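Asker: Each chain is listed here by its residues.
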Amino acid sequence: MSVLVDDDTRVVVQGITGGEGKFHAGQMLEYGTNVVAGAVPGKGGQEVHGVPVYDTVDEAVEEEDADASVIFVPPAFAADAIFEALDTDLDLAVAITEGVPTQDMAKVNKRLTETDTRLIGPNCPGLITPGEAKLGILPGNIFAEGDVGLVSRSGTLTYQVVDSLTQRGIGQTTAIGIGGDPIIGTDFVDALELFENDPDTKAIVMCGEIGGEDEEEAAAYIDEHVETPVAGFIAGRTAPPGKRMGHAGAIVSGSGTGTAESKIDALNDAGVPVGDTPEEVADHIESFL
Amino acid sequence: MKLHEYQAKQVFADAGVPTPASTLASDVDGVLAAADEIGYPVAIKAQVQVGGRGKAGGIKLADDADEARDAAESILGMDLKGYHVDRVLVEEAVDFVNELYVGVTMDRGEGKPVAMVSTKGGVDIEQVAEETPEAIAREHVDPAFGMHPYQARKAVYDADVDPDLALDVAGVLTTLYELWDDRDGSDAEINPLMVTSDGEVIAADAVMNIDEDALFRQPELAEMEDEAASGDELEQKADEYDFDYVRLEGNVGIIGNGAGLVMTTLDLVDHYGGKPANFLDVGGGAKAERIANALDMVFSDENVDSVVFNIFGGITRGDEVAKGINEALGQFDEIPKPVVVRLAGTNWEEGMEILNEDLVTVEQTLEDAVQRAVAYAEDEEGDQ
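Chains A and B supply the protein sequences, listed in that same order. The first sequence begins at 1 in the working numbering and counts up by one. The second sequence begins at 1001 in the working numbering and counts up by one.
In isolation and in its complexed conformation, chain A is listed as follows (with noise of 0.2 Å):
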């Protein structure tokens, strides 16, 4: 089983006639997502991999009956592109997109308290139901099928984390790469409500970093709400504080909040273990199994 994502998703990728759109729409392929349709403006008629291209995503809605979409839209382009998603009424939109300003973020967060599309992203790897679709660059070969969900604010760090679970041959029901942008579609709320909520995820790990308060807030949500045991990762113990560190919320203001021991008091606080490495959290989960 798994959230969101599975072998009868039809997807319809934004951008798919751009470098990046158009090889990952084949390693998508690749790994057997149901990859039915690209939209470009003006590329409409051509094909990508044996993939019929529309104009609009409206069109490739339409035609190929798409409800999920993958962007890789260039930065100046992106919000448009995950307006256009959502006024299609898809059920999912995942913007890979890097560099996408904060203020069109917030314009696109208003919009999406109106619509029933849920959005992951931007600036993520995407998702993955291991053995049934990726949307999203992540590399298929290191994930394995099973029943633990993983939610990371990070790409690279979920890959190092879920690498180190598959080699102990722990698979993954589904893995969602949030994002770490300042604002982002799916939080860590929503992702632990998901998998809480799924029957065959036994286990959840939640790779989180410092920055904003994303994770005390899911902190709070497991203690009330999450059944299901959860192991934690909190990246950039290390960081000075106002510095940023790449990501645009990895930064500390030095005012207690956001800070990484912040975080781990509050994920302890509600009976989350946290890995000072990446194969201590996965000592977690197998305990947890």
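Read the hints as simulated data drawn from the structure, not as lab findings. Keep in mind that a hint or two might mislead.
Unchecked claim - With a straight-line Cα cutoff of 27 Å, these simulated DSS-like cross-link-like pairs (lysine-lysine) come out: (1) A:K22 / B:K1323; (2) A:K243 / B:K1323; (3) B:K1337 / B:K1275.
All values reported here derive from a predicted model rather than from experimental measurement.
Assemble chain B onto chain A, guided by the hints.
Answerer: Frame of chain A; chain B shown alone:
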């Protein structure tokens, strides 16, 4: 990207926010000429990107030319918290009776802009926020509509600003929001917004941070970026190479792909008893040249005693990484510092095949790589 005070003041003034008369100067004669034109008393303010300039001796008042000369001589060329001061702003000293705070920023928790007003201006506003949050009136703004004038008035009245000033302050806040919105600000602040004895408000300081991801549509502000660059030579070099780089105090150089993974590598170095020398994220999809630049970057830091590469390829390919490492290290007769490489993910096997193992130490796991780099750093340190 953070604008200098003089740049932010110019941007604010152009938008109609009242600011004191001021001129930028880079030598004593320039300061005296500027002060003469503005009229004494003047404030002479170091233009560097650090807080607490006043306490550190970077802001001085001058009542006449002698004082201005002394102030200019002591501030120009000074080292202010690690930043060399080569420019000062010479500014009309405002006779004020009261100091307010106005600001606009993105509330990431709410995903909405927030406008703020407080009568506790002129002090460390972060401290006010922490100790007496109720002293700052906040108004969230719908980003699709922008701030309505009534919202600015509401914030001002909520903050208990003197009713005689309320509409002027609301006007400044409205302008500040529009600026923040038009210019892709991440923060815009006036602290203090001074109230003069004549009952006028004037922006005595100006802070403007721009969202770097939006610079593509702010060409005018992007041009200001060079001038606003960091004082740290290595961080400047990182800007040229377009790396996310932060210099730290330790001696283990760290290169990786993806912010979360690089931070994790830093944490593991610390966990195994070492000290990270830097955070360096090559980003996604780095090609060989970029990898070589990253090595150049880390070798430029004389504190570095060893280097660990941690690459988990998704969009980044192991063969490109290996090619870059070979190219960068192949140029040396002798490798400056030991380099440990851990490659995983996309094309790691192809990478391992071409990686020249005479030049580097290869480890299979993150833990092993970090421990090896920490051990090398200790050895090197011992040799010195």
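Asker: Against which earlier hints does the structure fall short, listed by number upward?
Answerer: The structure breaks only hint 2.
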